[in-house]
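Asks: The primary structure of each chain is shown beneath.
There are 2 protein chains.
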Amino acid sequence: MALASLSSFLMRFMNTRSGLHFYFDFISPYGYFAALRIDDLASAFGRTVEWHPMLLGVSVMKVMGLKPLLDTPLKGPYTRNDVMRYARLHGIKLGREPGVAPMSPLACGRTLAWAKRHHPQHAKQLAREMLNAYWLLGVDLSSPSAIAGLALPGSLSAAELTQALQDEEAAKLLREEVQHSINAGVFGSPTVVVDGELFWGIDKFDQIQRWLETGGW
Amino acid sequence: MALASLSSFLMRFMNTRSGLHFYFDFISPYGYFAALRIDDLASAFGRTVEWHPMLLGVSVMKVMGLKPLLDTPLKGPYTRNDVMRYARLHGIKLGREPGVAPMSPLACGRTLAWAKRHHPQHAKQLAREMLNAYWLLGVDLSSPSAIAGLALPGSLSAAELTQALQDEEAAKLLREEVQHSINAGVFGSPTVVVDGELFWGIDKFDQIQRWLETGGW
Numbered sequence: 109m110a111l112a113s114l115s116s117f118l119m120r121f122m123n124t125r126s127g128l129h130f131y132f133d134f135i136s137p138y139g140y141f142a143a144l145r146i147d148d149l150a151s152a153f154g155r156t157v158e159w160h161p162m163l164l165g166v167s168v169m170k171v172m173g174l175k176p177l178l179d180t181p182l183k184g185p186y187t188r189n190d191v192m193r194y195a196r197l198h199g200i201k202l203g204r205e206p207g208v209a210p211m212s213p214l215a216c217g218r219t220l221a222w223a224k225r226h227h228p229q230h231a232k233q234l235a236r237e238m239l240n241a242y243w244l245l246g247v248d249l250s251s252p253s254a255i256a257g258l259a260l261p262g263s264l265s266a267a268e269l270t271q272a273l274q275d276e277e278a279a280k281l282l283r284e285e286v287q288h289s290i291n292a293g294v295f296g297s298p299t300v301v302v303d304g305e306l307f308w309g310i311d312k313f314d315q316i317q318r319w320l321e322t323g324g325w
Numbered sequence: 109m110a111l112a113s114l115s116s117f118l119m120r121f122m123n124t125r126s127g128l129h130f131y132f133d134f135i136s137p138y139g140y141f142a143a144l145r146i147d148d149l150a151s152a153f154g155r156t157v158e159w160h161p162m163l164l165g166v167s168v169m170k171v172m173g174l175k176p177l178l179d180t181p182l183k184g185p186y187t188r189n190d191v192m193r194y195a196r197l198h199g200i201k202l203g204r205e206p207g208v209a210p211m212s213p214l215a216c217g218r219t220l221a222w223a224k225r226h227h228p229q230h231a232k233q234l235a236r237e238m239l240n241a242y243w244l245l246g247v248d249l250s251s252p253s254a255i256a257g258l259a260l261p262g263s264l265s266a267a268e269l270t271q272a273l274q275d276e277e278a279a280k281l282l283r284e285e286v287q288h289s290i291n292a293g294v295f296g297s298p299t300v301v302v303d304g305e306l307f308w309g310i311d312k313f314d315q316i317q318r319w320l321e322t323g324g325w
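Chains A and R are the protein sequences, given in the same order. Numbering follows this note's numbering, with no gaps: position 43 of the first sequence is 151. Numbering follows this note's numbering, with no gaps: position 98 of the second sequence is 206.
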């Protein structure tokens with residue numbers, strides 16, 4: 109086997125083993141839908157997934173200079189219908205209407221960014237608790253106390269989490285995640301990065317699956 | 109059978125027989141991709157398709173107040189890659205790069221709007237000729253003479269088409285189509301309307317197929 113072929117083989121092998129990156133905003137309904145599927149999809153192909161909080165308010169409004177999706181003429185009504193249609197198709201119950209009185213996603217984003225650093229084995233479970241509380245149960249999680257009141261995974265205590273959300277570190281870690289998402293070219297929720305390829309939107313899951321099956325095209 | 113059930117049955121039956129509406133902008137690569145699939149998909153379920161020219165410059169920029177997709181930070185580079193990735197996956201050759209020196213779509217849009225009125229049996233074929241010339245062959249079709257130089261279907265002559273594009277009627281018919289698209293809530297290319305449901309984006313074709321198969325959910 110020539111060196112170039114060997115190198116290509118190893119690259120492909122390493123690529124097919126590399127983890128996926130999943131970017132989402134807690135207040136994005138499509139991000140919630142993706143969170144319900146991404147780990148099952150990846151693990152079916154022996155892949156792991158790292159979850160990244162991002163903020164549409166930064167990427168869409170500040171970097172791209174666009175209005176929020178649900179406040180945009182034509183696109184707002186379309187999106188509301190599309191979200192409910194997706195939920196019906198996949199049997200997902202929603203405890204709130206998309207775009208109606210969205211909370212600030214800062215506390216949730218900080219919680220995930222902080223948990224990834226200090227409780228990495230529980231970070232994803234904590235993110236799922238927050239997503240379910242917000243989207244399924246309709247709980248507002250804009251305050252640290254609301255998040256601390258959830259069923260916390262592992263040895264994580266409400267007191268530790270409440271303290272963490274008062275410290276500057278959690279805010280700094282989220283800012284780093286958001287900057288990381290923008291550097292990666294991420295602008296929408298959900299975005300999944302597979303082998304360096306960005307796939308934006310819940311409608312891209314079939315293409316993601318195909319990419320994982322075939323190793324790309 | 110109770111009257112309500114009968115009525116429901118008839119409505120469903122009528123719905124499943126109603127035609128689809130396909131909205132696209134000639135300079136949208138995703139619109140081109142959709143044009144290559146939509147009639148085959150619909151006819152597999154015994155449905156017809158009416159093609160509608162729309163103008164992203166009106167719906168996106170004027171009505172929604174957004175920048176052109178490919179000029180938007182983050183979204184521009186993503187879209188270029190996504191278009192090429194879709195083309196590779198589906199074996200579609202592109203004779204031009206998306207977003208590079210786009211033509212004005214006015215002449216093409218007017219041609220289709222005019223042909224629907226005066227040569228309805230050839231309108232779709234003419235639209236396909238224009239799409240292929242622009243996307244596959246890289247021909248600029250911003251001038252009436254460029255369009256008149258294409259292989260025209262049926263008895264349509266270059267002289268008749270050139271004259272039509274100089275008349276006010278063609279411009280008026282396109283304005284009506286564009287207003288119709290906005291009234292229908294259409295804001296992106298492609299958009300397919302099935303039984304009153306809007307599906308935006310080439311990534312929605314799987315959902316459209318499912319809708320056609322199941323009669324909706």
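Since the hints were made in silico from the structure, they are not lab data. All of these numbers come straight from a predicted model, not from anything done at the bench. Hints are not guaranteed to be accurate.
Where chain A lies over chain R, by a calculated footprint (3+ residues, C-beta under 8 Å) [stated by the list, open to error]:
| # | region |
| --- | --- |
| 1 | 143-153 |
| 2 | 275-289 |
Below, a sample of chain R positions facing chain A; criterion: calculated Cβ distance under 10 Å [claimed, not checked]:
| # | residue |
| --- | --- |
| 3 | Val168 |
| 4 | Arg236 |
| 5 | Gly309 |
The C-beta atom is built at its ideal place from N, Cα and C for all residues, glycine as well.
Asks: For every hint, state whether the structure bears it out.
Replies: Do the hints match the structure? See the list:
no., hint, in the structure
1, 143-153, "violated (count 0)"
2, 275-289, "violated (count 0)"
3, Val168, "9 Å, holds"
4, Arg236, "25 Å, violated"
5, Gly309, "6 Å, holds"
Taken one by one, the earlier hints fail for this structure at numbers 1, 2, 4, listed in ascending order.
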